[in-house]
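Novice: With the hints as extra help, turn the sequences into a complete structure.
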Amino acid sequence: MSGERVRKIRCVGAIIRDGRDRLLLIRRGREPDRGLWSIPGGKIEPGESDTVALRREVREETGLEVAIGRHVGSVERPSPKGVYEIHDYRCVVTGGDLHPGDDADAAIWVDLAMFTTLRDTDALVTALFEQLTDWGELPG
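In the numbering used here, the protein residues as written are 1 to 140.
Warning: the hint list may mix true and false statements.
The calculated DSS-like cross-link candidates involving lysine-lysine, where the alpha carbons are at most 30 Å apart (straight line), are [said to hold, decoys possible]:
1. K81 / K43
2. K43 / K8
3. K81 / K8
DEER-style ranges, computed between Cβ atoms [claimed, not checked]:
4. W135 / R5: 17 to 23 Å
5. P78 / R34: 14 to 20 Å
6. W135 / L98: 19 to 25 Å
7. E4 / A67: 22 to 28 Å
8. I9 / T133: 34 to 40 Å
9. P78 / P46: 38 to 44 Å
10. M114 / K8: 29 to 35 Å
11. K8 / A113: 35 to 41 Å
12. G82 / T133: 34 to 40 Å
13. G136 / E4: 33 to 39 Å
Hints are computed from structural coordinates only; laboratory data are not their basis. Virtual Cβ for every residue (Gly too), placed ideally from N, Cα, C.
Specialist: In structure tokens form, the structure reads like this:
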């Protein structure tokens, strides 16, 4: 054992549904995970709270404004840069127009059938699907 301390990188994710109980996903336009689907979110900048970071990330990646709801759960994802500690929150759209931006090259609403299809072709969605199942947060 080397005794090296693993770098923890605090991140946030937004679980957002529309009026038809579809889940909002973005396709990552840059590394890490370029081309893979995920919920909106990202790293917390120095001095930011989870709430401020979530609003910023959702706005940058989707063009939407959100109200932050309850903390749903947290996961850890190892990477070459350290361990991403991702804290996911329920969010509700309060304004804006959906369009991809920043490091997202697509933003779509998915129902359970589409989410299941993506799960079978996208490693990041596979992990997300399992986590949302455990949390009782799958789309309708």
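Novice: Hint by hint, which ones does this structure get wrong, listed from lowest number up?
Specialist: Hint check: 4, 7, 8, 9, 12 fail, others pass.
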